[in-house]
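Participant: Sequence:
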Amino acid sequence: MKVNKIISTGIGEITNPSPNELRYILNNHVLNSSNKLERTVPADVLELMAEENSNKLERSILADSMELMEKENSRQRSYSILKTAQDMYNSVMNLL
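So in my numbering, spot 62 of the sequence shown is number 62, and the numbers just go up one at a time.
If you are wondering where the hints come from, they were derived from the structure by calculation, not from laboratory data. Mixed in with the good hints there might be a few duds.
What the hints assert, rightly or not - Computed beta-carbon distance windows for the label pairs:
hint, residue 1, residue 2, range
1, L26, L48, 29 to 37 Å
2, L57, H29, 27 to 35 Å
3, N20, K71, 40 to 48 Å
4, R77, A50, 37 to 45 Å
5, R23, R59, 38 to 46 Å
6, N94, L57, 52 to 60 Å
7, N20, A50, 31 to 39 Å
8, M49, R77, 39 to 47 Å
9, R59, N32, 35 to 43 Å
Think of the CB as a built atom: it goes at the ideal place given N, C-alpha and C, for glycine as much as any other residue.
Please model the complete structure; the sequences and the hints are all you need to start from.
Facilitator: Following this line, the structure appears as structure tokens:
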């Protein structure tokens, strides 16, 4: 038993479309959908969305930079503590 594929194109139906017809229908559907989206979304909204994404990226980069700076500061503090301990040890050893 053969099953018929029926595809609605918006202006009619195609029974058992070929692969090329399916590709054509899909491409037209995608293009029509994107054209409708472009007409319904104002340019300033798209610009705001792009700006918001840019701001998120900047915040992410800033957070990463601050985390690296904190790690570096922690490393420098540890080095400073070790250096102070070594100086104190050397002073005590010199007194003995």
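Participant: All hints, please: hold or fail.
Facilitator: Quick rundown of the hints versus the structure:
For the hinted restraint 29 to 37 Å between L26 and L48, the CB-CB distance of approximately 31 Å keeps it satisfied. A hinted range of 27 to 35 Å for the beta carbons of L57 and H29 is consistent with their spacing of about 32 Å. The hint said 40 to 48 Å for the Cβ distance between N20 and K71, and at roughly 58 Å that hint is violated. In this structure the hint that R77 and A50 lie 37 to 45 Å apart at CB holds, the actual value being about 41 Å.
Taken as a hint, the range 38 to 46 Å holds for the pair R23 and R59, whose Cβ atoms sit roughly 42 Å apart. About 55 Å separates the C-beta atoms of N94 and L57, a value consistent with the hinted range of 52 to 60 Å. For the pair N20 and A50, the beta carbons lie near 37 Å from each other, so the given range of 31 to 39 Å is met. Between M49 and R77 the C-beta distance comes to about 42 Å, which sits within the given range of 39 to 47 Å.
Distance hint for R59 and N32: a CB-CB separation of about 37 Å, consistent with the stated range 35 to 43 Å.
Going down the numbered hints, you'll see the structure goes against just number 3.
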